Structures are given as structure tokens and as C-alpha cells.
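In the order they appear, the protein sequences are chains A and B.
For the first sequence, my numbering begins at 1 and goes up steadily by one.
For the second sequence, my numbering begins at 94 and goes up steadily by one.
Incorrect hints may appear among the rest.
[What the hints assert, rightly or not] Counterexamples of contact, computed for chain B against chain A with all Cβ distances above 12 Å:
hint	residue
1	D134
2	R202
3	L218
4	P240
[To be verified] With beta-carbon atoms standing in for the labels, derived distance ranges:
hint	chain 1	residue 1	chain 2	residue 2	range
5	B	R490	A	L86	57 to 63 Å
6	A	L86	B	D320	28 to 34 Å
7	B	A519	A	I60	30 to 36 Å
8	B	A520	A	V87	32 to 38 Å
[Unchecked claim] Some but not every residue of chain B turned toward chain A, in silico, with C-beta under 8 Å:
hint	residue
9	K292
10	L299
11	N377
Think of the hints as simulated: they come from the structure by calculation, not from any bench.
Computed from a prediction, not measured in an experiment: that's the story for all the values here.
Heads up, the beta-carbon is just placed ideally off N, CA and C, and yes, glycines get one too.
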Amino acid sequence: MTSLVLLDPTSERSPVARALTARPAALAGLAVALLDISKPRGNVFLDRLAELLAAQGVRINRYKKPTFTRPAPTALRQQIAAENQLVIEGLAD
Amino acid sequence: MSLPDGLIVVAKRECPTCTLVEPLLASLAAGGDVLTVLVQDDPVYAAGLPGAVFDSTLEQSFRLGIEFVPTLIRMQGGREVARTHGWHRGDWQQISGQPDLGAALPELRPGCASKTLDPGIADDLQLRFGQSSLQARAVALGDAEDPMEACFDRGWTDGLPVVPPTPARVLRMLAGTTRRPDEVLGLIPPDLAPCTVEKVAINAVLAGCKPEYMPLVLAAVEAALVDEFGMHGILCTTMFCGPMVIVNGPMGRAVGVNSGVNALGQGHRANASIGRALQLVIRNVGGGRPGEVDRAALGTPGKYTFCFAEAEDSAWEPLHVQRGFAREASTVTLFAGEGVQGVVDQKSRTPESLAKSFAACLRVVDHPKLAMAGDAVLVVSPDHCRVFLEAGWSKARLLEELTTLLTVPGDQLVAGVDGIAEGIPAAMAGKLVPKFRPGGLLIVRAGGGAGLFSAIIAGWAASGPIGSIPVSQEITA
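Pulled out of the complex, with its shape left as it was, chain B reads as follows (with noise of 0.2 Å):
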């Protein structure tokens, strides 16, 4: 319906600023002007009327981009020449050229908001009459399919259900963006698959997403396609690990990415599911799946979802910052992460005695036997990180003592010593070896105010530039 030239008004009959100005149609109408109401709720509103029009699907008013009721419009010549919206006697007297109108009526009266912008209508109405700009294949499902094992059916989920991806659900979380979608972020291995900013929406649908964590989700989907990550090496190996993500700077903290109480558990959406939506592009869009390129022997619980933030002190450099990144910057750091492992000190009150138990403990990475295996984060607890603060060691100091302490004589690992015959090669022995390469160990604050506990996340044991090395991404939109 193409809407003449000459006066529009946008009404809904519950709104007392539309009945305080329903009278004033009848006048409209007698005018030089043809004159057309749109009725957005209720058709008795203004129903004597010959230029009456009940909107009841709301395409007029969404096409006009009303966005409050009353909307007085004067159209001329097939376009929009005024507009004026609520009770303003004097724009109302100027736009219909009738300088008594409503002279009875207050000068001033608020409108109502227009109804196209309730919520769940608006999506809605973008899907119905707007420009989409969505280009995925749309699967529509039988009607005695139920949405939830639909998506089970079709290979989707990581065992856990999902939420079906809906085209309302998918424009809402593009809305989190500012990023097109049909940017392509870069191909997704196994199957080298592009990957635009629309899929990597639908799989944050799938994961269980808000809108506002997209741009934390394209930002590790981005730190995953860094060459060095080796992301396909991740996936495919028939080690444990998978793409763990450590949060950094104000954006995590205002979406809400646990750092405390419970940080590696469940519990917290933005964790739970920030972390899951990077393993659902990796298994949707690039094809892995555990039993085909995925030939994990055993993997890990991680392999859900893993993912939080660190919990940053003032007094302890956070791990973006001795990245290179400055502290207000937010940032996304993905390490090949396989499971937690619990440190359990609650006697040391000295920053050597702790330290020492640190390396006692990070020794077991792999294998007490190898070195320069797996990368490793060192999670430290607030209250085991108090010791080190309180003795003035920095997290740099704590992590020059720990390599110290785990720099031992080659003699002691090589293979077949001790009666095992896993080890390093018999050509490391009389050098003193490290267990970790440089850069290999990583140290992050976080946890919750009670417990003298700190963990341990081992590494992919394929660590360094032959297999993974972490890589951070800082997050924008």
C-alpha cells in the first residue's frame, strides 16, 4: 500500500495523548487535505472516518520508522516534507496548515511509544519487512520436529542441547556487533571453511550467548585462526587439549566473565557460554568432530566450554599488559588448555616456601620426566597471591624464581633413569634443562577470597612454534 500525498497520523487507541487528539481527525479530514490514519491497535479508534486504516500487521508503521504515537506526517509529492510527534499544538497547527486546531487543548502533551517497538515486535518486524541482511541456508524444520532435537539431529551440538537458531534470535545477536555480517573473519580449520560474522552469530545462538558478548566471541574466534595457534593441530590431535580463553580488561568485567568465586567451574553464563560458541564454529563451521578429524584419545571437560577472566590487582601485572597490551585494553589470550589441577598448599607463609611448592607441583606437566613438552597457566588464588604481595614479589619475580627452581640437570629426566623409560633423549644429560621453554609458562590471578588454592592448566604437549603457542586478541566490536 502506497500512502497518498497530504496528512498521516500514526495512533494506538491506549494512548491518552492519541484520545486527547482523536477529536481533531474529523477536522483533519474536513481540511484541503486528504488525511490517513494508521491505527496500530485498536480499529474503533477513529473507525467514522473514510481515511481510517487498521495497521494491523504494523508494516506501514515500520516502514514510516514511527517510534512514537501520536506521529502527525505531511507528505508531498510521493515523500516526507514534515513530521511531529506527540501533542505540540503549534507543530500541529504548522504542519496542517489549520492555525486553530486544538486551540481548546493543552499546548504540550508527551506521546506514547509506538508499537512496532514493544518488545519481540520489533525483531519481528526487521525479519518480516525490513532489508535482511542474513544469507545462511534456512533449514525449516517439520512440524512435528521439536527445535531442540532438531538441532541434535543435525549434528549441531557438542552433546549438550542447544538453543535453536531462529532468524529473530541471530539478528538480536548481530546486534551486539558493529561488525557486518557478511565479513568473513578467515577460514575455520579442519575443512578451511569461511567463516563470516553471521555464523560465528548463529553458533553463539547455539551456545547460549547474549547479544553483548559477540564482540568477546569474534575475538576469539580470531585469536583461533592466528597461524601460530595451530588450531587445526588442536583439534585434531589425539591429545587432550582444546581453545581455552582467558579474559583481560573492562569489557569482560562489564559483560560479566567470572574471575571469582567458582572462576573455573560452572555457573556463569558469559563463561559458560563464551567459551562454547569458539568450540561450536570449530565443530559447525570448520567440520570438527571428535571420532573424525577430532581423534582425542581421552580430551577434556574443557572441551565444552573453558573460559574466564583473570581477577587483576593493581599490584600484579595482568597477563594483557605483560602481553604488550595496555591495561584498559580488553583482550581475549586462547591457550591449548587441557585439564585443572588442583595445588593444595594451606602451610606456606613465604613466597619461597610457596614458590617451591609451585614448581613441585608444575614438575608433573606431561610427565615428571619431560621438559620443553607443554606450555602451562599457572592460575594463582587471591589468597596464595596475597603471600606474594605482601612479601613485595611481583608476578614477574614469582615467575623468574619458578623457572629457577625448575631448571634441573638433564641427568635427572633422561629417559630410562629411575627405572622409567619415558624421558628426554640421552643427549640432554650433563645440561641443565628447563622444564618449560621461554614464554611457555603463563600466570593469571583469579579465584574466589577463601581458600589457599591455586591450579594448574597444562598445556598441549605439541607446545611452541611446532604446535601451539598462546596467542591474545584484543577485543573492539
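In isolation and in its complexed conformation, chain A is listed as follows (with noise of 0.2 Å):
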């Protein structure tokens, strides 16, 4: 008997596992991202990250999606990657 053949309703991008990238081992000397993506009160928890992290000696930079409702415009993704080693993102509120 041959097998029943269906078609792949998907997009076809196989499900590869990816490898996280390295954890540095600490902090000090590395640029950190803080992106606030435009949900309310999202700032007042970036704010008591950056904080945090200053008290630690941390370099922050701060950045701003115009809308949550869109992924970040491209050239915001990449002036984050260009300037800093990590990034933390409010992703909701």
C-alpha cells in the first residue's frame, strides 16, 4: 500500500534547535540594552533595573520601540546590537 502524501501547510523552516549564546561571566565592562517597547508602566521596571545595575558599575544604554504592537524597526534592532553585549526587554506589562 502507498502511504497517503499530504501537503506541508507550513512555511517549511525546520524546527533546528538553537544554541544559546554564551553567559558572560560577569558584567562589568559590557554594554547592557534596556528596551522599553511602549507598554505602559514597562519604564518603571526598566528604571528600577538600570538602578540596579548602575549600582553595579554596569554600562546601560536605553532604548524605545515606537509601538508595541510591531517588532522594532530594523535599524533600531541593529544601532541596540551595535552598541551593547546584551539586551533586557519589558515585554509586557
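With the hints as a guide, dock the two chains, each given alone in a separate frame, to form the complex.
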């Protein structure tokens, strides 16, 4: 018996498991991006994180997406990647 | 098998006209030409002739493009130079070069349909011997796999069973559009994966569509890809919404999109499967699955499917005309819709009273103390619509009156007022505040002929340019 063939309804992107980037042993000397996605009160959370990180002497860069409803503009993503080694994003309120 | 030069007769035994010409085949074979007889159904036909071939797979008939039997063809230099079908005495005599052929037979007898065109066979032949245009990855199921369960196992469903997308079903679905299967409609969020007409057809099969729905499904997918609709945000929001499809114009009526009894409910294949096909494209092509990028806290049943047509009335401007299309055009309008909230008013007999009822109910969209957050669709039933029509109120007049009724002093809505922390910013105190942003309230007419009820479908609380605005797309092919 010939087995039934179905056509793949998906984007056919193979589910390749990707390894996580290696974690740094310490934050000293690294630049950390704090990304505000423009969700209400996300800034409160990020402000507190900035205080805590600054107290450890970590260099902080702040960024903001124009609206939480769309992915970050390409230029912003490139800027964050160029200026930082780490990024912390407030995902939701 | 390549066919030799000479004469070819394609026949089937069950066809009376083929039986009529069967005695002539010996004469044709005895002439100066090589005769090949392709028999579609039963090798008993023309069994004694050396050139008789049982075309059991119908491959030869398919490659010759046979539509009727008997068909007589003359091949010369590897090319077809003459063809006739049925029994036409003059044609047969001319093509065979035998002026006395069948002199005793009637002049004319029509033939029968070729077996290649039998229901179900044509698709199969196209797949086996035709030039397949399908490019999607083939997924071979194990012999022991149930096709329905296999679709669940591979994560292709919304939780309800889907129709397994076999190549034959996908080919039939593609016949519903004139657009090329490899045409790319755009990048489907959230993965921004390219979506071809073929991928839409596969998901339309999953959803249970008929091929004739394809133009509507394609228009809905294209509308969802318009940036202003904000499909990415609609999908990933923690709020309720999903893409709701409102159909206007003759194409919706032609394929049976329901605008009448239970228009917002179950029971109509077009409504159910067109809305579902759009959602399955988002899920399967875009990778938008609940619990992953879809972060809805509660969601809404409309995220399975939400599609209905406007019950267009000559006296009330339909939605697509309001939005700039010709009345005879067919459109889909996508709206980031939440659930259905009923409006029960069985006592109002004047447009003023009924408009006040509508306004009172529309105030609670999102929250009674929020404004210009979510859009809304007001679905006016025929019974309610009659109240306006009899008083000479157009749809535009109703919208104008509602806009006035829904503009209130901001002081009533400010955060903290009435002991409710939710509300608009204090800076809005002292100003008049409209409930909806300009263009944020849509009105359509739909529903059964009995019932003094209408419905409100709230939009995403991030409506407008920051999130989603309704998008209309013409249905073409």
C-alpha cells in the first residue's frame, strides 16, 4: 500500500534547535541595552533595573520601540546590536 | 509509449457510438495506415485487432487530451494533423482517406465523455501524468497513521479536525483561482514567512473551503498583510482580538456567505471555512500559535473563525461603498474583533430612542470609562434597521447621531472618578471626549428577519494607527 502524502501547510522552516549564546561570567565592562517596548509601566520596571545595574557599575543604554504592536524597526535592532553586548526587554505590562 | 504515425482511435466499450464504429476498425486497419486503437474501459473492445491497446491507466488518453469517445486522430511526422470526435461520417472518411467508410451508418452520432473526465479521475490523472505546479514539501504518512490524527500530531490544526491536504484536494482548491500557485502574497507574521497562493490553498483545504471560496480567502490574506491592519500585534497581544472578515458585494452572495439568520453564528460552510482559512494561514505559515507568540490572556471564540456578510439594503449604504468601493464591487473588510455583545431593545419605535440605546451599549466597549481605545462594529438587525429606514435615517445619519451621543465631558471618565481607578488621564478633564476615534465605529446590517436585537463587536483596545485600523480589499480572482 502506498502511504498517503499530504502537502505541508507550514513555512517549512525546519525546527532546528539553536544553542543559546554563551553567558558572560561578569557584567563588568559590558554594555547592557534596556529596551522599552512602549507598554504602560514598562519604564517603571526598567528604571529600577537601571538603578540596580548602575550600582554594579554596569554601562546602561536605553532604547524605546515606537509601539508595542509591531516588531522593533530594523534600524533600532541594528543600533542595539551595534552598541551593546546584552539586552534586557520588558515584554509586557 | 510513443504513438506511431497513422490513425489513432480512442474508444470505450460502454459507449454506443464506439460500438457503432467498432466494425469499421478492421477496414481502417486494412488501409495503408498503421492503426492504433486505445481502449479506455474494456480490452474486449477491438480485441482481435493487432493495434488495439488497453489504456488501463488512461495515460495515453490524458496525454492526447481526449474529451470525447470515439475520437479519431491522424498523426503525421510525430504530430497530430487531424482530429474528429463522435461519429461524423464525412470527417471519418476524410481523415481516414477511405471515401466509402461506414457508408451504411447514419451520417451523425454524438459520442460519449472520455473516461479521463470522470469525477475524481481527472485530478488523479493531472497529478500522475500532468505537469505538477505544486512546490510544497510532501509529507508521507506512515501506513498506520490516521490522516486526521496526523494533522493534529503535526500541529496544523486550531484544535478542531482539519481536512487532510492531499495533493488532489490542493489542486482542486487551486482551480478556484486564476492566480499562479507560486505567486507570493507577502510575508505572514509573526515569522514573516513568504506565503504563496499554493500555501493559502493548502490551508484552505485544511479549513474545509470549497474551491470557489479561494478568491475570498486570498483577499482576506492580502488584507491581513496590509501594514495598517497590524496583524502581528493582533496576534501577539494579551487582549482578545482576532481578524474578523466582513464580506460585501455579489461574490459573497454567489458563494453563500451568510448575512441572514444566525449570521454571526455557526452552520454555514462559507462563513466557517473562510474565516478559519485565514486563521490557519496565520498559524501554519506565519507560525502564530497560542501560548507561543499569541499571548492572549483569554482570547475569543472568534479566533477559530469569524466571517459574515452584510445584508445589503438599497436604502442603506453598504460598508464597502462607505469605504470608497463601487456598489457592484466585492470586498472583504478585516477588523480586529473581540466577541459579540448583544443589544436588546424591543421597545424603541423611534430612531432617537433606538440610537440612544445603541449609544448606551457602545459606551461599555473596553470599559465605560475608557475612550478612543478600541474601535467597534455595530451590527444592526433588519428589525432595528427598519426603525431607521421608516424615519428616513441613513446609515450616515445614524453614525452622526451616535457620534454626538457618545461625546461626553471628560470629567466623567477621568481615572478615579466614581471610585474606579480605571479611566482616561486627568488632563482630559474639562474637555469633551468622543468614545471612538474618527472612523472607529463601523455600522453594518445583518441578521435574520425577526428580532429587535443588534450586536456590538468590540475592537482591539489598541485600535487606530498605533495598533490596528480596519482594512478593505477588493475580491478579484
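Hint by hint, here is what the structure shows:
1. D134: Non-interface label on B:D134 holds, nearest chain A Cβ at 24 Å vs cutoff 12 Å.
2. R202: holds (41 Å)
3. L218: holds (16 Å)
4. P240: violated (6 Å)
5. B:R490 / A:L86: 57 to 63 Å: Given range 57 to 63 Å: holds, Cβ gap about 58 Å.
6. A:L86 / B:D320: 28 to 34 Å: Check passed, 31 Å falls within 28 to 34 Å.
7. B:A519 / A:I60: 30 to 36 Å: Hint holds: Cβ distance 31 Å, inside 30 to 36 Å.
8. B:A520 / A:V87: 32 to 38 Å: Distance hint for B:A520, A:V87 holds at roughly 33 Å.
9. K292: holds (7 Å)
10. L299: holds (6 Å)
11. N377: holds (4 Å)
The structure is inconsistent with hint 4 alone, although it conforms to all the rest.
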